[in-house]
Amino acid sequence: MKIRLRFTKTGSIRFVGHLDFMRTFQKAVKKSGLPAVYTSGFNPHMLLSFAAPLGVGEETAGDYADIEFAFRDMAPLSEHDLYRMKDIGLDNDALPLPPPVSVFCGQLNAAMPPGVRITGAARVGQTRDSKAMSLVRYASWQLLLKDSFLSGLPAEELNDMVLCFLAEDHIMIHKKTKKSEKEVDIRPMIRSMSAADLPHPGALSSEESAGVRSVLVTCSAGSSVNLKPAAVMDAFCRYTGRTSDPNGFRTVRRETYNENLETLLSLGSSF
Amino acid sequence: MYKQALSDEILMQVEKPARYIGQEVNAVVKDPASVKLRFAMCFPDVYEIGMSHLGIQIIYEQLNRREDTWCERVYSPWPDLSSIMKEKGIPLFALESQDPVKSFDFLGITLQYELCYTNVLQILDLSGIPLRSAERTEEDPVVIGGGPCTYNPEPVAAFFDLFYIGESEVVMDRLMDLYLQMKESGCSRESFIRAAARIPGIYAPSLYEAVYREDGTVGEFVKLDEEAPSVICRQVCTDLDAAPYPEKPVVPYIRPVQDRVVLEIQRGCIRGCRFCQAGIVYRPLRERSIETLKRYAESMLSQSGYEEISLSSLSSSDYRCLPELLTHLIDTYQKQHVNISLPSLRIDNFSLDVMNKVQDVRKSSLTFAPEAGTQRLRDVINKGLTEEEILAGASQAFRGGWNKVKLYFMLGLPTETDEDRKGIAHLAQKICEAYYDEVPKEKRQGAVDVTVSTSFLVPKPFTPFQWASMSAPAEYVNYAHTVRDEIRTMNNQKRIHYKWHEADGTELEGLLARGDRRIADVIELAYRKGAVFDSWTDYFNYGIWKEAYREAGIDVDFYTKRPRKADEIFPWDFIDVGVSRAFLLREWEKAVGSGDVTLHCRSACSGCGARSFGCGVCFEERDNNNPAYIGKQSLGGASGKAGEMPGGET
Ligand code: SF4
Ligand code: SF4
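As given, the protein sequences belong to chains A and B, one line each in that order.
Going by this note's numbering, the first sequence wraps up at 273, each residue one higher than the last.
Going by this note's numbering, the second sequence wraps up at 724, each residue one higher than the last.
The set of hints was computed from the structure by calculation and includes no laboratory data.
Honestly, I wouldn't trust all of these hints.
As the list claims (entries may be wrong) - What follows is a set of in silico ranges between Cβ atoms, one per label pair, in the way DEER data are often shown:
#1 Glu161/B with Asp247/A: 12 to 22 Å
#2 Ser373/B with Pro156/A: 50 to 60 Å
#3 Leu21/A with Asp405/B: 43 to 53 Å
What the hints assert, rightly or not - Covered stretches of chain B, as calculated for chain A (at least 3 residues, CB under 8 Å):
#4 97-105
#5 376-384
#6 421-434
#7 485-492
Idealized CB from N, CA, C, for every residue including glycine.
Can you make the complete structure from the sequences, with help from the hints?
Written as structure tokens, this is what we have:
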């Protein structure tokens with residue numbers, strides 16, 4: 003059964019890069035004792051894939067990963083489902099039933115490193131286009147401003163600046179790739195942007211839950227068009243006549259969306 | 075609330091920031107207010123290397139079992155970070171609490187190889203602890219060293235307050251208890267050091283003075299404190315089954331060198347290769363029981379989520395229950411998708427069968443460590459592996475589908491001639507021939523592939539070769555060229571790849587290994603001039619060291635090339651490792667005299683002295699049905715891991 007997990011990653015673990023995070027996540031799933039499915043061969047690995055990698059230093063309150071577990075699927079199985087299961091050597095009828103979602107998440111959470119929490123799980127079908135990774139179109143970000151010019155502005159003033167910025171028809175940035183350097187218009191990639199005083203989405207204690215002056219951006223994400231929030235901030239700072247400081251804010255992904263701006267998981271209590 | 079010693083800005087600036095954040099799964103976090111003693115345990119190299127070291131994990135487990143103690147980890151910051159720390163005056167911190175090392179009660183540093191000595195000074199320096207023990211005050215932690223390099227602690231004696239000679243399982247708790255008791259009664263640092271020196275195995279260098287003769291050798295080792303012991307005895311754990319073990323290993327975020335559960339199946343070695351320090355200083359061989367190991371495998375895998383398990387020991391084929399253990403691991407864990415990483419094994423039907431089950435034959439290679447190119451020289455070093463055994467093992471493996479072979483040799487051995495060096499090329503050629511003889515054309519999976527690696531002998535304290543003299547770096551390079559040139563004349567030269575180690579590092583290692591207290595100045599000078607991470611080729615700069623030699627007025631040849639008399643007093647002679655000097659001398663004289671071999675412990679006891687520990691192989695009941703007792707010296711090996719050698723020792 004392919005299960006989609008929704009998870010958060012906050013705190014120091016933000017300094018663990020994507021590949022290392024994947025390995026860490028895989029070890030935690032293994033430690034949980036839940037029956038993840040592996041590839042065969044001398045170097046077996048879990049059938050695990052993440053929706054959208056985070057950069058070093060970035061946190062998330064709403065990310066997704068798909069993992070195949072050896073649980074019996076009670077939903078009607080499609081041709082494709084059956085084919086895939088056979089391919090990885092599973093016989094659906096012989097598999098145990100999955101535990102309730104809360105038990106399942108609890109078991110995973112007990113094994114996860116500090117800062118990582120599984121906040122939901124649901125069965126997803128096997129069809130190829132249901133892969134979390136290929137569904138991602140947008141992400142919403144909260145950029146928590148540290149002491150800087152921007153954080154010192156009154157909230158309305160900052161909001162007005164954001165509105166003016168968004169009113170531009172074109173927002174050009176320099177994009178350097180391995181091969182070339184080109185001018186790109188990022189305006190079409192930005193869905194919305196605003197400023198607000200909000201706590202860190204991963205804040206647990208009341209002491210941290212005080213609002214922090216933040217910029218909220220929802221912009222394109224995923225494998226075809228991907229816009230980094232830092233690039234938006236960079237352009238915004240230039241627009242306001244300041245040079246941007248890459249360390250001037252803390253980057254947290256609030257949610258990941260599909261093309262309809264829906265989250266990648268509709269939560270339920272059973273698989 | 076979790077602290078972070080480094081700002082986001084710095085963490086985003088350095089390579090692999092996850093090296094410095096702590097908080098790994100199974101890292102031990104305690105409330106500082108609830109403990110009385112803070113211990114910082116340091117491996118003076120980069121995180122990925124230090125995290126792979128089992129010894130530290132054992133101490134971590136052992137100390138954290140104490141309710142009154144919190145043991146944390148410290149590693150060398152990578153050069154990108156250390157320069158930022160220096161520039162901004164950020165003190166070195168321990169990973170778990172992120173608190174400055176300077177605020178701890180103890181700073182323990184493990185000395186696994188000599189080339190880490192400048193890193194030790196960097197650790198002290200970044201911590202804000204004076205480099206020399208003599209300059210420290212009540213504000214500084216007690217700096218204690220351990221590990222294999224403490225079998226000659228003299229070159230770094232000035233930098234340590236104490237050394238622990240032997241295995242941590244034995245008197246560590248006693249030392250901690252003493253410290254707490256004295257701390258509570260307000261005793262000074264100095265009185266603690268004096269009192270600690272009375273615990274067996276604890277060496278306090280400040281209580282002794284070395285007096286040198288006119289010829290430069292040690293004349294006398296004088297006690298400055300009447301009550302300090304004259305001889306420091308190595309502490310040996312007599313019951314490994316009862317010893318603490320890291321059953322909940324800390325799981326790093328970034329990939330360590332050993333990204334797996336490690337089972338230490340035994341300690342010590344029965345073989346007695348004459349160049350090998352580990353083979354002497356861990357005597358006698360002590361096995362862990364198979365029941366204990368099965369239990370550890372289960373708890374470590376289930377509590378870490380690791381997907382690989384490996385065995386650790388000096389010579390795994392000598393573990394008497396090896397077939398049973400490997401069969402158990404394969405049967406139990408392969409279906410749980412856990413890789414079994416094999417140690418180097420003597421090649422026989424069993425090992426080939428096991429290798430077939432757990433490795434991709436086409437990708438794995440056989441490993442042999444004949445160490446010398448001719449039988450004569452292999453006898454001199456007491457490496458009883460014969461050419462027939464190597465060729466028979468290789469042939470058998472070739473028939474089984476293997477085609478990659480790794481061979482490890484040493485150059486610069488006592489009595490070695492060009493004949494012996496060329497013998498390395500000849501042996502490699504014979505292995506190529508064996509492949510073409512054994513495997514019919516239609517069954518060959520590509521061509522045979524032989525990799526020859528050589529390193530240079532560094533004579534180590536407490537080995538029969540502690541009397542041996544080294545060659546000059548230029549001569550070493552010539553030795554390697556002899557091997558290279560001879561390989562070029564072989565028929566299958568295209569199938570033989572040759573790699574050799576740098577010679578400069580060897581000379582430095584030789585100096586540090588058998589140096590005396592006067593070497594401390596050189597180490598400090600080199601550090602001050604910028605030497606650090608000397609074991610990393612990219613960072614090693616021998617020019618700095620040569621400058622330091624000149625400034626300190628040290629004659630390197632005195633330490634490396636000078637022949638030593640049989641009765642010379644060595645700087646490390648005040649340590650008793652349990653193997654007698656008479657035995658070592660006998661072995662040395664045999665090596666350069668008759669060239670006779672000495673049988674291993676299970677063939678015949680040679681009365682080395684280690685029996686006095688009252689445990690291990692010295693008291694085993696002989697079992698003639700177990701292949702471990704078949705009276706031959708040989709040790710071949712096969713392994714799927716790059717760079718692993720039978721015995722894991724050079
Ligand atoms: S006393 Fe004998 S059996 Fe024991 S370690 Fe020494 S040589 Fe081996
Ligand atoms: S080289 Fe290996 S086999 Fe020989 S004594 Fe050392 S550890 Fe034992």
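Counting residues of the segment 376-384 of chain B that have a beta-carbon nearer than 8 Å to any beta-carbon of chain A, does the count reach 3? It holds: at least three residues are needed, and the segment 376-384 of chain B offers 6 whose Cβ sits within less than 8 Å of chain A.
Range agreement (Cβ of aspartate 405/B with Cβ of leucine 21/A, hint 43 to 53 Å): Hint violated: Cβ distance 32 Å, outside 43 to 53 Å.
Could you say whether the range 12 to 22 Å given as a hint is met by the Cβ separation of glutamate 161/B and aspartate 247/A? holds (19 Å)
Verify this for me: three or more residues of the segment 485-492 of chain B with a beta carbon less than 8 Å from a beta carbon of chain A. Since three or more residues must qualify, the claim that chain A covers the segment 485-492 of chain B is violated, with 0 doing so at under 8 Å.
With a Cβ-Cβ cutoff of 8 Å, does the segment 97-105 of chain B contain at least three residues near chain A? holds (count 3)
Taking the CB of serine 373/B and the CB of proline 156/A, does the distance hold inside 50 to 60 Å? holds (58 Å)
Can you confirm whether chain A covers the segment 421-434 of chain B, using C-beta to C-beta distances below 8 Å and requiring at least three such residues? holds (count 3)
In this structure, the earlier hints numbered 3 and 7 are contradicted, and the remaining ones agree with it.
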